[in-house]
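K.L.:
The listed protein sequences derive, respectively, from chains A and B.
According to numbering that gives the first Met the number 0, the stretch in the first sequence is residues 0 to 309, in order.
According to numbering that gives the first Met the number 0, the stretch in the second sequence is residues 0 to 157, in order.
Just so you know, the hints here were simulated from the structure itself, not pulled from any lab data.
Careful: at least some of the hints might be erroneous.
Derived DSBU-like pairs: lysine-lysine, alpha-carbon spacing no greater than 35 Å straight-line [unchecked claim]:
1. A:K75 with B:K129
2. A:K146 with A:K238
3. B:K52 with B:K95
4. A:K179 with A:K248
5. A:K179 with A:K238
6. A:K182 with A:K221
7. A:K182 with B:K129
8. B:K129 with A:K179
9. A:K146 with B:K129
10. B:K154 with A:K179
11. B:K53 with B:K129
12. B:K38 with B:K129
13. B:K154 with A:K75
14. A:K221 with A:K69
15. B:K154 with A:K182
16. B:K154 with B:K95
17. B:K38 with B:K52
The following label-pair restraints were derived from C-beta to C-beta distances [to be verified]:
18. A:A300 with B:P80: 49 to 59 Å
19. A:I9 with B:A85: 17 to 27 Å
20. A:M49 with B:D148: 37 to 47 Å
21. A:G195 with B:K129: 13 to 23 Å
22. A:Q84 with B:V130: 25 to 35 Å
23. A:A300 with B:E71: 56 to 66 Å
24. A:Q84 with B:E71: 26 to 36 Å
25. A:L205 with B:P80: 42 to 52 Å
26. B:K129 with A:G76: 28 to 38 Å
27. A:E42 with B:I12: 55 to 65 Å
Ideal placement from N, C-alpha and C gives every residue a C-beta, glycine not left out.
Below are the chains, spelled out letter by letter.
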Amino acid sequence: MDDLTNEQIINILDDATRLLPVAKGELYLPLLQGRILGNLFFEPSTRTRMSFETAMKRLGGNVVNLGDVKNSSVVKGETLFDTIQMVDGYTDIIAMRHPRQGAAQYAQDSARVPIMNGGDGAGHHPTQTMLDLFTIRQAHGTLEGLKVVLAGDLRYGRTVHSLSHALTRFGSELVFASPKLLKMPEEIVSDLREHGASVVETEDLLGSINDADVVYMTRIQKERFADEDEYARCAGAYKLHADHLSEVKSEMIIMHPLPRVDEIHASVDSTRHACYFNQAFNGVVARMALICYLLGVTVPADVESEGGAF
Amino acid sequence: MSNEHSMRRVTAIRNGTVIDHIPSGQALRVLEMLGIGGKSSVPVSLVMNVPSKKMGAKDIIKVEDRELTQTELDRLALVAPDAHVAIIRAYSVAEKLTINLGSEVSNVVRCTFSNCITTNHREPLPHRLKVISRAPLHIRCHYCGRPQDLDELIKNVL
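This is chain A alone, in the form it adopts within the complex:
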């Protein structure tokens, strides 16, 4: 995200808004006809890989996949450098996920085509951030001056790290609600404060949601705790039930990068606040806009008149 200015981010989000009917399949707009996306997922991923693929195909483009790493040249010991050189020749743009942090930057240094980072180790996950920003802006009409509560595993969750940085750039007020063990890393908090962020750290999630505009939940993994009891004691306070929402702002949205386990009770799904499935869908439209931007393809101002019906 550091590669983009705030203005560029807003432009991409505007493009994404116009592309919504195309993402939903209501319009056919083959802006990327003849272009090929290379999906290089060195780690398993369902949502991210599929949404890149859907984004490309909705715009008339094609996709080639690395496939299962176990059956690829990676197993034979091919370096990432060599894999990138090869796929760089086959495709117009690459989406990748890699277990090692910094892999996307390394790939970009040696590639001719744009690289989209779909997650590298505990590092960045900028396309997730883009779709999160899109979802927040869609609900509130702005990214500025919102109060955003990020809850759950803030220590290991890469989505919350990238998102906090991005929201800070747009002047949001941040509340980090987590068990002590899973607090936002100190260096990130101090980094955010240096960039002028207003950050409150708390262990009290339910006490923080009533004046929030966004509540961003994440999954707390059992493996992070010493034993089952410790997990139950800590994680219990980071679960949302519809009963907790009686006093919240009416336009407040609840987000989650998914998959969820039990941090958001099914009773929340039918409330007006539940936004996580829409958020997952937005992964497609945000990636459509990002691919167009990176390939220098202009999204028409009037998508409706340019697009054809099926």
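Starting from the known structure of chain A, fit chain B onto it as the hints suggest.
P.N.:
What follows is chain B alone, placed relative to chain A:
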């Protein structure tokens, strides 16, 4: 003067390079980074932990019959950023050099983060670290973006 006194611990050299004001205890690492060890045939004198007005204590290295280049010296920026370097010809100082820390430190040390892409030795990549700020010295890996602990970092000399 303590400085003059410490300089007299080893004899003056006729030709070569004197590196002064090395932080106390770092002289061996400096030699390692310059690739000057037991196998090189030039005479090397080094004093460690001598009193210094400026630094409290410091190390000094004298390398005979070899003039270090600016590029070689810049490799020392992380270990001995304030070292003073003198090129000696016929017993007198012919040139004075300082060590420059650029905006990037390339192929000198390896990122300290265990899951960084740079830990895969088979990848043909340059080891690049970005200098974010000079005082205090703040360095991040070009690839993984992790801030680097300087004490750990200088153990990772390539």
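K.L.:
Hints first: check each against the structure and report whether it holds.
P.N.:
A quick look at each hint next to the structure:
1. A:K75 with B:K129: holds (33 Å)
2. A:K146 with A:K238: Judged against 35 Å, a Cα distance of about 19 Å means the pair holds.
3. B:K52 with B:K95: holds (20 Å)
4. A:K179 with A:K248: holds (27 Å)
5. A:K179 with A:K238: At roughly 16 Å apart (the allowed maximum being 35 Å), A:K238 and A:K179 satisfy the hint.
6. A:K182 with A:K221: OK: A:K182 and A:K221 at ~15 Å, within 35 Å.
7. A:K182 with B:K129: Holds, at about 27 Å.
8. B:K129 with A:K179: holds (32 Å)
9. A:K146 with B:K129: holds (33 Å)
10. B:K154 with A:K179: holds (32 Å)
11. B:K53 with B:K129: holds (28 Å)
12. B:K38 with B:K129: The hint holds at about 33 Å.
13. B:K154 with A:K75: At roughly 32 Å apart (the allowed maximum being 35 Å), A:K75 and B:K154 satisfy the hint.
14. A:K221 with A:K69: holds (28 Å)
15. B:K154 with A:K182: At roughly 30 Å apart (the allowed maximum being 35 Å), A:K182 and B:K154 satisfy the hint.
16. B:K154 with B:K95: Holds, at about 28 Å.
17. B:K38 with B:K52: holds (34 Å)
18. A:A300 with B:P80: 49 to 59 Å: holds (54 Å)
19. A:I9 with B:A85: 17 to 27 Å: violated (56 Å)
20. A:M49 with B:D148: 37 to 47 Å: holds (39 Å)
21. A:G195 with B:K129: 13 to 23 Å: holds (22 Å)
22. A:Q84 with B:V130: 25 to 35 Å: holds (30 Å)
23. A:A300 with B:E71: 56 to 66 Å: holds (58 Å)
24. A:Q84 with B:E71: 26 to 36 Å: holds (32 Å)
25. A:L205 with B:P80: 42 to 52 Å: Distance hint for A:L205, B:P80 holds at roughly 51 Å.
26. B:K129 with A:G76: 28 to 38 Å: With Cβ atoms ~30 Å apart, the hint holds.
27. A:E42 with B:I12: 55 to 65 Å: holds (57 Å)
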